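On the provided structure of chain P, position chain V as indicated by the hints.
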Amino acid sequence: MRKAFADLHLRLNVEDHATTLQVITEAAKLGYRLIAVPFSSETHGDEVAKLKVVCSEPKIDFASRIDLRPRTQNELVHQLRRLRRKFEVICVNCENKQVARQAAKDRRVDLLNFPLLDFRRRFFDRAEAELASNSLAALEIDVKPLLVLEGAVRIRFLSTLRREVAIAKEFHVPIVVSSGVAEAKLLRKPQEMAALTFLFGLDAASALKAVGQNPMAIVKRNREKLGSKFVAPGIRVIKEGKDC
Amino acid sequence: MLKRVKRRYLALQVDSDGVPSQKEFMDAVWSAVAKLYGEYGASQTSLALIDYDIEKKTVVIRTSLATLDLVRASLASITSVAGREAAVHVLAVSGTIKTLRKKVRRWFLYA
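Protein chains in written order, with our numbering: chain P, 1 to 244; chain V, 1 to 111.
The hints are simulated quantities; they were obtained by calculation from the structure and are not laboratory data.
Note that the structure is predicted; figures quoted are calculated from it, not measured.
Ideal Cβ positions, reconstructed from N, Cα and C, are used throughout, including at glycine.
Heads up, a few of these hints could be off.
As the list claims (entries may be wrong) - Facing chain V, from chain P, some residues (calculated, C-beta under 8 Å):
| no. | residue |
| --- | --- |
| 1 | Phe62 |
| 2 | Asp67 |
| 3 | Leu146 |
| 4 | Leu147 |
| 5 | Val148 |
| 6 | Leu149 |
| 7 | Glu150 |
| 8 | Lys185 |
| 9 | Leu186 |
| 10 | Arg188 |
| 11 | Lys189 |
| 12 | Gln191 |
| 13 | Ala195 |
| 14 | Leu196 |
Extracted from the complex, chain P is given alone in its bound form (with noise of 0.2 Å):
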């Protein structure tokens, strides 16, 4: 059976229609099965279903993600608790500290985000991993930038990616390699986002899961949990009724 591929992070303006259905087609066509676009949280129903149906022509799955920011724990877990049954995908970016703990001990959390290219707000450290790895979260990095920058800021991104790497593999925290991308110039296979991976030292089957197997496990599993049928994990309503 063919491997199947999610981009789980691709930043499109819904408003301008051609460029998002370009953006799409060119992910089909490179071999993505999914992909997920995050919205705001004031984001309606129409608008992921307007997307969905874009999505349809390409034959390509959608899933809906939104982008959380707060800038304390308690406002995290508010917004967790409006959010969460409204997305499949929920990714935290990690402003300061005492968010990054609380989003990687909150199952809710499925992504964990750091500034790019501010490097002292990169709070993935042991800790965080821990953490981590005691929940459901996923550790995601963009592509984006190693295409865009160039000299000194790349080989400082590099660096910084080759640790965070080293730690999430100690601490079995999965990784989740998205793209970041706004344009279909900047789209990658996903064998050459793999192979882009070993520029920070992921190996070539880790690399493929980051890409394929992790970022298909977050949707299925937070499908799984929005669905009607769901009760708890491995639970769920088969029949209903009198004569059960």
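Coordinates of chain V only, in the frame set by chain P:
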């Protein structure tokens, strides 16, 4: 006795607005390898252009097996060729040109 150098052939598809010349394309590849791995790293790749089809925008290059991952990462990092936005996609990798051509034919058949 000297160990035989194992090689790999890569079939590539250039996705760009214009059609870059052979030299422009190879300059972009060398520059990407040198940017990521430096001149010392680039010297170990034994990169060579084997074939360039302007019509189909497909290219065949050769590299040593030991530096295949390095070359693949560099190819994925190319964002422009001759000043124009571009992406280079790997269609197939093989140990012989004959098998590579078979794989590419199959790829175009099912694409």
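A quick look at each hint next to the structure:
1. Phe62: violated (23 Å)
2. Asp67: violated (24 Å)
3. Leu146: Hint on P/Leu146: holds, closest Cβ of chain V at ~6 Å, below 8 Å.
4. Leu147: Holds, about 5 Å.
5. Val148: holds (7 Å)
6. Leu149: Hint violated; P/Leu149 Cβ to chain V Cβ min 10 Å, cut 8 Å.
7. Glu150: holds (7 Å)
8. Lys185: Status holds, d = 5 Å.
9. Leu186: holds (7 Å)
10. Arg188: holds (5 Å)
11. Lys189: Result: holds, 6 Å to nearest chain V Cβ.
12. Gln191: With Cβ-Cβ at 7 Å, under 8 Å, it holds.
13. Ala195: Holds. Min distance 4 Å.
14. Leu196: With a closest approach of 5 Å, the P/Leu196 hint holds.
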